[in-house]
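J.: Given these sequences and hints, build the entire structure.
Note that the protein sequences, when read in sequence, are chains A and B.
Heads up, the final residue of the first sequence is numbered 305 in numbering that gives the first Met the number 0, and it's a clean run with no missing numbers.
Heads up, the final residue of the second sequence is numbered 305 in numbering that gives the first Met the number 0, and it's a clean run with no missing numbers.
Since the hints were made in silico from the structure, they are not lab data.
In this text, all values refer to a predicted model and were calculated from it rather than measured experimentally.
Don't take every hint at face value.
Each pair may be met inside one copy or between any two copies, as identical chains are not told apart.
To be verified - Below, computed lysine to any residue pairings styled on SDA-like, alpha-carbon distance capped at 20 Å:
{"#": "1", "residue 1": "K275", "residue 2": "R46"}
{"#": "2", "residue 1": "K264", "residue 2": "R220"}
{"#": "3", "residue 1": "K112", "residue 2": "I125"}
{"#": "4", "residue 1": "K45", "residue 2": "D276"}
{"#": "5", "residue 1": "K28", "residue 2": "Q80"}
{"#": "6", "residue 1": "K275", "residue 2": "Q80"}
{"#": "7", "residue 1": "K178", "residue 2": "L198"}
{"#": "8", "residue 1": "K45", "residue 2": "A272"}
{"#": "9", "residue 1": "K153", "residue 2": "Y16"}
{"#": "10", "residue 1": "K286", "residue 2": "I302"}
{"#": "11", "residue 1": "K103", "residue 2": "G93"}
{"#": "12", "residue 1": "K153", "residue 2": "S135"}
{"#": "13", "residue 1": "K163", "residue 2": "P279"}
{"#": "14", "residue 1": "K263", "residue 2": "I143"}
{"#": "15", "residue 1": "K178", "residue 2": "E156"}
{"#": "16", "residue 1": "K219", "residue 2": "S243"}
{"#": "17", "residue 1": "K219", "residue 2": "T133"}
{"#": "18", "residue 1": "K45", "residue 2": "K275"}
Protein chains: 2
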Amino acid sequence: MPFKVTILGSNSAIPAYGRHHTAQYIQIKNKHFLVDCGEATQNQIKRYKLSAQKINAIFISHLHGDHYLGLVGLLSSMHLQGRTTALNLYGPLGLRDIITLHLKYSDTTLRYKVNFFPYNANEESIIYEDKHITVSTIPLEHRIDCSGFLFLEKPHEVRINKEKLPEGFSLENIGRLKKGEDIFGNDSQLLYKNSELTLPAFPSRSYAYCSDTRYLPHLKRQLKGVNVLYHEATFLDENELRASNTFHSTAGQAAQLAKDAKAKKLLIGHFSARYKDLSPFEQEARKIFSESYLAIEGTTFDIPLK
Amino acid sequence: MPFKVTILGSNSAIPAYGRHHTAQYIQIKNKHFLVDCGEATQNQIKRYKLSAQKINAIFISHLHGDHYLGLVGLLSSMHLQGRTTALNLYGPLGLRDIITLHLKYSDTTLRYKVNFFPYNANEESIIYEDKHITVSTIPLEHRIDCSGFLFLEKPHEVRINKEKLPEGFSLENIGRLKKGEDIFGNDSQLLYKNSELTLPAFPSRSYAYCSDTRYLPHLKRQLKGVNVLYHEATFLDENELRASNTFHSTAGQAAQLAKDAKAKKLLIGHFSARYKDLSPFEQEARKIFSESYLAIEGTTFDIPLK
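T.: The structure is reproduced here in structure tokens:
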């Protein structure tokens with residue numbers, strides 16, 4: 000059951016040094032998601048041999064161009080390549096106006112349905128739910144309304160301990176074990192306590208995507224214990240004032256949040272075009288939080304069940 | 000006095016095989032122009048070491064995404080990189096709505112002025128003029144309103160024949176020669192006929208950009224004698240019916256137009272993603288018009304004075 004994130008773009012405002020605008024491709028079990036969709040995201044999807052047509056839902060964090068200007072092109076290519084499966088789109092309300100205007104002027108009617116779900120970037124709420132996960136907004140503070148997204152697995156079932164399973168144990172009873180029930184005989188006597196034949200469920204995995212934002216220490220509550228935290232780090236600490244003035248964060252601040260939230264791993268990205276060499280970002284973050292990594296193009300981060 | 004065209008994108012609708020959406024960077028004397036601006040054009044401009052900030056005017060042929068979806072990102076990057084010089088933008092009327100909506104939702108006020116000049120794609124008219132050139136619309140026939148652009152040099156001055164120039168010939172008289180005047184003495188007697196001291200002016204150079212269109216044989220009139228004709232060739236002749244149904248052209252049709260118009264050179268592009276190997280396009284065109292070339296990414300076509 001895969002739970003993984005592939006980075007398609009790592010640069011902020013102006014593409015530079017071969018780094019692209021923000022987009023991330025997330026696969027959780029059999030569902031495929033795109034988070035943000037900067038210009039040329041469709042090219043990046045191709046480059047890393049991912050599938051645009053498999054995307055079930057797209058989440059757009061805010062309406063700065065470097066986070067969504069690839070969306071109309073991607074929707075259009077899905078259409079031209081014959082997509083008929085509906086696509087769910089989560090974004091700020093204005094996104095609908097923008098897409099509608101483009102389709103109007105290009106005289107295009109998409110062959111598939113786009114179910115648009117506007118969300119309120121200023122409140123924490125579940126905006127997506129399927130059998131396996133929920134996605135919640137993470138209210139951020141940027142120059143315009145902006146939200147992060149928390150992907151959280153629903154609780155797993157307990158695991159059957161095959162070594163302990165008696166011979167001839169029925170499928171029906173295995174189903175009962177998975178639900179956490181004890182096993183009783185025909186005359187209602189307790190045959191096995193659930194815990195005798197099972198192992199504890201794997202903990203739910205989680206991924207938090209914190210898009211453009213100034214440093215918000217209070218996020219540690221919502222992000223508590225997250226497996227992987229992606230947090231923007233547009234600047235280094237030396238530019239902390241500039242970061243604050245432009246509603247962005249530094250690598251050090253991202254690392255502090257990861258530490259305070261007791262995250263297991265931190266990914267940093269959205270680097271300013273002023274930096275050619277990114278190694279100081281990793282160094283700065285690792286001084287505070289050792290499990291810090293650069294979220295650069297083409298890198299895939301797996302979150303294994305364990 | 001340069002007159003050259005660099006191809007930034009050669010593919011139609013869906014980017015494929017590393018080929019990009021349509022955009023061309025044109026330099027004529029000290030002026031820089033961009034014609035169409037598909038997604039990721041700003042990246043292509045960087046890749047080929049051209050300058051976005053030097054662009055004086057942008058011409059958009061029509062509002063299909065593969066011809067303009069890179070525009071908002073490019074305008075935004077110009078802004079972020081400190082542009083203050085005004086930019087002239089020529090496009091269909093709807094383009095203004097689109098740009099305005101993006102800027103509204105991103106809460107952006109560009110640091111420079113964009114002078115927007117909507118044009119009528121259905122009539123042939125001069126939409127741009129400076130000291131050295133004019134740019135005229137070329138009415139095309141596509142699924143939506145679409146225009147090509149004819150870049151035409153104004154007549155050159157006659158050239159001074161330095162070998163024939165008498166010693167001590169004044170700058171004032173050289174100016175007269177350049178204007179085509181004869182040279183008279185103080186008592187109004189004819190000293191030199193203009194043709195004695197000059198060589199004929201170089202002929203005006205021209206470049207025609209024929210964006211998405213079905214095959215229009217009548218264009219040979221407006222394109223007569225053009226130095227370089229770019230014409231879309233989305234399909235090969237084997238798909239002529241499909242070309243016609245989708246308001247596109249074949250390589251053979253583009254070549255026939257180049258031949259009928261007595262163009263000096265033909266560039267073909269806007270290839271369908273169904274073709275990986277483009278050599279059949281060149282072969283098909285060259286059977287009809289030998290000076291046919293593929294307009295592929297990174298290629299620069301010079302039109303020398305001669």
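J.: When the hints from earlier in the document are held up against this structure, which numbers fail?
T.: Checked against the structure, the hints that fail are numbers 3, 5, 9, 10, 13, 14, while the rest are satisfied.
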